[in-house]
Structure formats: C-alpha cells, structure tokens
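J.: The primary structure of each chain is shown beneath.
There are 2 protein chains.
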Amino acid sequence: KKHHFTKYGDRGMSLEHEINQSNQYYLSKGIAVIHKKPTPIQIVKVDYPKRSAATIKEAYFRKASTTDYNGVFNGYYIDFDAKETKNKTSFPLSNFHQHQIDHMKACVRQNGICFALIKFVLTNEIYVLNSEDLFYYWDDQFKGGRKSISKATIDKFGYKIDYSLNPIIPYLKAVRKIILKYKEI
Amino acid sequence: KKHHFTKYGDRGMSLEHEINQSNQYYLSKGIAVIHKKPTPIQIVKVDYPKRSAATIKEAYFRKASTTDYNGVFNGYYIDFDAKETKNKTSFPLSNFHQHQIDHMKACVRQNGICFALIKFVLTNEIYVLNSEDLFYYWDDQFKGGRKSISKATIDKFGYKIDYSLNPIIPYLKAVRKIILKYKEI
Ligand SMILES: [Mg+2]
Ligand SMILES: [Mg+2]
Numbered sequence: 022k023k024h025h026f027t028k029y030g031d032r033g034m035s036l037e038h039e040i041n042q043s044n045q046y047y048l049s050k051g052i053a054v055i056h057k058k059p060t061p062i063q064i065v066k067v068d069y070p071k072r073s074a075a076t077i078k079e080a081y082f083r084k085a086s087t088t089d090y091n092g093v094f095n096g097y098y099i100d101f102d103a104k105e106t107k108n109k110t111s112f113p114l115s116n117f118h119q120h121q122i123d124h125m126k127a128c129v130r131q132n133g134i135c136f137a138l139i140k141f142v143l144t145n146e147i148y149v150l151n152s153e154d155l156f157y158y159w160d161d162q163f164k165g166g167r168k169s170i171s172k173a174t175i176d177k178f179g180y181k182i183d184y185s186l187n188p189i190i191p192y193l194k195a196v197r198k199i200i201l202k203y204k205e206i
Numbered sequence: 022k023k024h025h026f027t028k029y030g031d032r033g034m035s036l037e038h039e040i041n042q043s044n045q046y047y048l049s050k051g052i053a054v055i056h057k058k059p060t061p062i063q064i065v066k067v068d069y070p071k072r073s074a075a076t077i078k079e080a081y082f083r084k085a086s087t088t089d090y091n092g093v094f095n096g097y098y099i100d101f102d103a104k105e106t107k108n109k110t111s112f113p114l115s116n117f118h119q120h121q122i123d124h125m126k127a128c129v130r131q132n133g134i135c136f137a138l139i140k141f142v143l144t145n146e147i148y149v150l151n152s153e154d155l156f157y158y159w160d161d162q163f164k165g166g167r168k169s170i171s172k173a174t175i176d177k178f179g180y181k182i183d184y185s186l187n188p189i190i191p192y193l194k195a196v197r198k199i200i201l202k203y204k205e206i
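Protein chains in written order, with full-length UniProt numbering: chain A, 22 to 206; chain B, 22 to 206.
Check the hints yourself; a few may be wrong.
[Claimed, not checked] Computed footprint of chain B on chain A; a stretch qualifies when at least three of its residues, placed anywhere within it, have a C-beta under 8 Å from a C-beta of chain B:
#1 41-54
#2 68-80
#3 126-139
#4 145-153
Source of the hints: derived by calculation from the structure; they are not laboratory data.
Built from N, CA and C at the ideal position, the CB exists for glycine as well.
All chains should be modelled from the sequences, with the hints used to inform the complete structure.
T.: As structure tokens, then:
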C-alpha cells in the first residue's frame, strides 16, 4: 500500500505542481488557505493593441525576495519554500538565499510558522524541516560549520511526509506537530 | 499640522507605492511582515540568449485569484486588497471580484484578518473596512441591495486612516482595533 502511494511522486509531476494540488485540496476542504506567490517579473515593454489584451513584449525574471508559499491555517500564518535536491545524503544550504532566510526569520519573530519542504528527488522522499532547525544550520555554516544539512539530521529533526492520494503531499500533518511543539507549551 | 501630513497623499505617489513604503517601514521596525504579491503573468514565449538573462518575449496579464497583500502581524494572518475610487459619495462594489471575496471569506474561516483599504482619491481619504462589513454589503447586492457602499457607511463602520510621515499609511492602527474587536472578546 505504501508502495502504491509512493508512486505519486514518480509521475513526472513537478514538486510545485504536487504542492499546488495539495493546497487546492486543503482549500476545497476548508482546511487551509495557502497559495504559491506568482513569479516576480520585471516588465519593460507592453503593447496595447486595439481590441485585444495588453501583450508584454519584454520582461525579465526577478529574484524572489521572499518565499514561494504563504497563507493561513487555523489562525496560524504559514510561510515556506519548497526545495529539491539530487543529492542523496545531504541538503546543500546553497538552495536557500540569505534574503529568504531573513524573510523567514522576520516572520518567525511575528509568530508565523515557517519551514522548508525538502524533496530528495532520487529517493522520492519529502521532509518538512522547521525554520528553527534550518536557521541553526544556516547560521552555523558561517561559523565554520558544514555547507549542507545531512539527510540523517533532517531525518532526525524534520518530519518525513509520505506521499498520499489526497492531498498528494500532506504537509500540514507536520505543521500540526510543529504547532504542538512550539506554540502550545 | 494635519494639513501638512495630508499632503503626502497628494504627491502623485500611487496608492500601491504608499502601501509598499508603509510595509517597508513596518518590516524595518520589526512590526509586521506584509508584502504585495507579484502581478500574475501568463508567460508564452521566453528567449534564452547566450551570456545574458532569459528574456520574456510574449506574456499576458492574468487576473489575480486572491488579494494583493498578505503577511503576518503579531501572530495574526493579514490579508487585504487596496482599492481606489474617484467616486465622492460611495464605493462601487464592482471594484471587487467574486473570487477576491471568496478568498477573503476562506481566510476569515481560518481566523485570518481580512479587510479592504479604500482610498477616495478626490478627497484623499483612506479607510480600512473590515471584511465582515464588506461581506455584508457584497452579499446584500445580490438580494436587491445597492451596488455600492455609501461613504457615510464606510465612515461609520470603517476606520479612517490619516496620512502620516512614517508610515505614510498607518493602517495597522485599524488592524489593532479590528483584532481587539473580533479576536479578544
Ligand atoms: Mg522554491
Ligand atoms: Mg488591488
């Protein structure tokens, strides 16, 4: 049975698509309202043809200054980024940028729930790593620590999320545990 | 003195720019983390020239499925849209779309704080109208009610925000009142 569920991660659906479908499920069931933010674009030139829609003729991708996903779950502000790695034994911290970490730190200061959703694509395994753990290893790399988080560490401190039928990635299970651990002491 | 402050709304700065600067102030002071979402774009054609950045050659504006701004303030999920009207005596409900209202209703069900930030541009007056009031008048229009909310009603049930030096639009003052009214009974 678990093998059956695991297949969902193999179908060539992108991680972003899997998360979007999971969010759509959560939305449709009234469980949470979480959306991917649009990709930020720098628009340079727009044509306004008569009788048809404005056409963007020149634009560039901008670097996102925050994370990809945010929303609200049961009164809690939720904010996370999804990252994939082809690495088998560790998650390279270079997948994050300083401004994304800064953004998550600012959100945590406002009592938001922030985390990384990390997919090891070769083994099709997904983990939720709470921001406090991510921050620890992020900051540690500038004090001589390693530039990656070992998978063993992620397995120990993070929450493994098994692919399921619906939602495909039931990551709010991990969020509930994070809330229980950090918010209701 | 009030006249001096009021000038900030006259400078030709767009409402969006004023809100972004206010959000930047709140962020820099550690008061809240609230951002405008990027404009959603449907990308059709991208060039990948050698040695330079990918260039979007054809793209179209998509209708936003949610609201323009969201974030976190003191543990609360904040979600709002900013609307301008040249109308002097009322706010036409056609400034909102059903899907924006649906989005805000879903967020309120998750205990988020949602509202409209409404600017009467001819008089340079800004109001925060809590979503519960917005929903009442929105729904009422389909039961034979009027297609706009009178400014008198907005003045009675909403929160007037005076332009100030920093932040330019101190709308979190109204949010604090909404939290006191709805959340801490
Ligand atoms: Mg990402
Ligand atoms: Mg708007």
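J.: When I compare C-beta atoms, does the stretch 68-80 of chain A have three or more residues closer than 8 Å to chain B?
T.: That given contact holds, which follows from 7 residues of the stretch 68-80 of chain A lying within Cβ reach (below 8 Å) of chain B.
J.: Would you check chain B against the stretch 126-139 of chain A, counting CB to CB pairs closer than 8 Å, and say if three or more residues qualify?
T.: With 6 residues in contact (Cβ-Cβ under 8 Å with chain B), the coverage given for the stretch 126-139 of chain A holds.
J.: Quick check: do three or more residues in the stretch 145-153 of chain A have a beta carbon closer than 8 Å to a beta carbon of chain B?
T.: violated (count 0)
J.: Under a C-beta cut-off of less than 8 Å, do 3 or more residues of the stretch 41-54 of chain A approach chain B closely enough to confirm the stated coverage?
T.: holds (count 4)
This entry does not satisfy hint 4, going by the numbered hints stated previously; all others are met.
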